[in-house]
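Q: Here UniProt numbering is used: the first residue of the sequence shown is 1, the next is one more, and so on.
Simulated from the structure, these hints should not be mistaken for lab results. Careful, some of the hints might be misleading.
[Stated by the list, open to error] Derived lysine-lysine pairs resembling DSS-like cross-links, with alpha carbons at most 30 Å apart:
hint, residue 1, residue 2
1, K138, K161
2, K313, K215
3, K313, K138
4, K215, K285
5, K285, K178
6, K178, K138
7, K285, K161
8, K161, K178
9, K321, K285
10, K256, K215
11, K285, K313
12, K285, K301
13, K161, K201
14, K201, K215
15, K215, K301
16, K200, K301
17, K138, K285
18, K215, K200
19, K200, K161
20, K138, K301
21, K178, K301
22, K256, K200
23, K285, K201
24, K159, K178
25, K321, K161
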Amino acid sequence: MYGDQYGESSGSNHFQPQPVQNQYEQQQLYEQPHFDQQQQALASYDQTYEQPPTPVRPRVTRARLRAAAASSSGVNSIPPSAPTRRLVPLIEEPKKRRPGKKLVSELLSDDENCLYFIIRQGRVSLQVIVDDWIENYKVNRDAALLSLMQFFINSSGCKGKITPFMQASMEHATIIRKMTEEFDEESGEYPLIITGQTWKKFRTNFCDFVQILVKQCQYSIIYDQYLMDNIISLLTGLSDSQVRAFRHTATLAAMKLMTALVDVALTVSVNLDNTQRQYEAERQKARDKRASDRLESLMMKRQELEENMDEIKNMLTYMFKSVFVHRY
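Using the sequences provided together with the hints, build the complete structure.
A: Listed below in structure tokens is the structure:
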């Protein structure tokens with residue numbers, strides 16, 4: 001009878017207990033938890049009947065859940081005494097720069113004789129620096145030009161160094177490629193964009209130096225077809241470089257150079273008008289009152305000023321087309 005009762009649920013997924021042989025054992029099965037409250041008897045009952053269907057279900061604990069999950073996944077369970085996770089105190093470590101990323105001041109040479117170092121320090125007047133450079137240019141224009149070219153390279157954040165051999169034997173495009181290889185591509189910093197009061201002052205000195213240099217050279221050196229030709233060639237090449245620091249620095253320098261040349265052109269234009277007026281006034285004098293030497297001097301001066309004006313216009317036109325029209 002009882003075997004048929006348990007046999008009807010054989011198709012279900014519930015656990016099937018062993019059949020009860022007699023009525024006494026069945027009564028003991030359901031009455032045992034109620035009349036026997038002692039823990040020892042309950043443990044003996046659990047061993048005899050492997051979790052029979054009783055009204056009271058055992059409490060599901062975390063240990064049982066972990067044991068069941070470990071047995072189902074085939075992984076050995078962790079002993080209760082062993083900690084499941086090592087607690088490490090959270091201590092904020094100081095931030096470190098990425099490997100290979102250095103400040104520009106660490107990359108560049110600290111040669112106290114180079115223009116970049118002197119202008120970056122800001123301890124000497126820019127007027128004095130320009131005057132000294134002009135004196136050096138009159139003595140050895142190749143060495144002075146090399147120092148000026150190196151200044152633009154260092155101001156771009158490049159640690160490369162132009163040698164006299166490179167200056168004498170290489171085109172500017174080749175020199176720029178060499179300097180590009182020396183550039184630290186992992187570092188996105190360069191003097192014109194670094195924050196801080198020191199670098200802000202350097203940006204101002206950088207722009208002022210270019211303009212003062214052109215202003216001081218406006219009467220002779222900028223027309224020698226050596227200084228300006230080389231500087232313009234270098235800046236136009238750098239402004240087209242694949243390195244952003246070169247493009248930015250060269251474009252800013254070219255803009256300041258053009259601004260200074262416009263001021264020089266204005267001065268030349270005023271002098272040309274005055275010379276032309278003096279020449280016309282002298283030429284209209286009577287032959288006996290006309291000073292032939294003065295007339296010839298004014299004529300030569302007018303011709304020189306016209307040539308200077310044409311030279312400046314050619315510089316401005318070339319730089320505008322090579323840097324700004326080509327860039328934008």
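Q: Look at each hint and say if it fits the structure.
A: Verification of the hints:
Proximity of K138 to K161 is assessed by CA-CA distance (about 23 Å); at most 30 Å being required, the pair is judged to hold. Between K313 and K215, the direct Cα distance comes to roughly 16 Å. Compliance with the 30 Å bound is thereby established for this hinted pair. As the CA atoms of K313 and K138 are separated by approximately 25 Å, the hinted pair is consistent with the 30 Å bound. As the CA atoms of K215 and K285 are separated by approximately 36 Å, the hinted pair breaks the 30 Å bound.
Between K285 and K178, the direct Cα distance comes to roughly 63 Å. Violation of the 30 Å bound is thereby established for this hinted pair. A hinted pair counts as satisfied when its Cα atoms are at most 30 Å apart, and K178 with K138 qualifies at roughly 29 Å. Proximity of K285 to K161 is assessed by CA-CA distance (about 61 Å); at most 30 Å being required, the pair is judged violated. A distance of roughly 9 Å separates the Cα atoms of K161 and K178; the hinted pair therefore holds under the 30 Å criterion.
The suggested pairing of K321 with K285 is violated, with an alpha-carbon distance near 46 Å, which exceeds 30 Å. Restraint check for K256 and K215: satisfied, since their Cα atoms lie roughly 11 Å apart, inside the 30 Å limit. For the given pair, K285 sits about 34 Å from K313 by alpha-carbon distance, which is inconsistent with the 30 Å threshold. Taking the CA atoms of K285 and K301, the gap is near 19 Å; set against the 30 Å cutoff, the hint holds.
Annotation: proposed proximity of K161 to K201 holds, straight-line Cα distance about 24 Å (limit 30 Å). A hinted pair counts as satisfied when its Cα atoms are at most 30 Å apart, and K201 with K215 qualifies at roughly 21 Å. Of the pairs offered as hints, the one joining K215 and K301 holds, with about 20 Å between alpha carbons and a cut-off of 30 Å not exceeded. The hinted pair formed by K200 and K301 fails the criterion: a straight-line CA distance of about 43 Å is larger than 30 Å.
A threshold of 30 Å between alpha carbons decides the hint, and for K138 with K285 the separation of about 42 Å lies outside it, so the pair is violated. With a C-alpha separation of about 23 Å, the suggested pair K215 and K200 falls inside the 30 Å cut-off, and the hint holds. Between K200 and K161, the direct Cα distance comes to roughly 24 Å. Compliance with the 30 Å bound is thereby established for this hinted pair. Our distance criterion of 30 Å between C-alpha atoms is met by K138 and K301, whose separation comes to about 23 Å.
In summary, the hint linking K178 to K301 is not supported, as the alpha carbons are separated by about 44 Å, beyond the 30 Å threshold. Distance hint between K256 and K200 is fulfilled; the C-alpha atoms sit about 17 Å from each other, no more than 30 Å. For the given pair, K285 sits about 56 Å from K201 by alpha-carbon distance, which is inconsistent with the 30 Å threshold. Distance check on the hinted pair: K159 and K178 sit about 11 Å apart at the alpha-carbon level, within 30 Å; holds.
With a CA separation close to 29 Å, the supplied pair K321 and K161 stays within the 30 Å bound.
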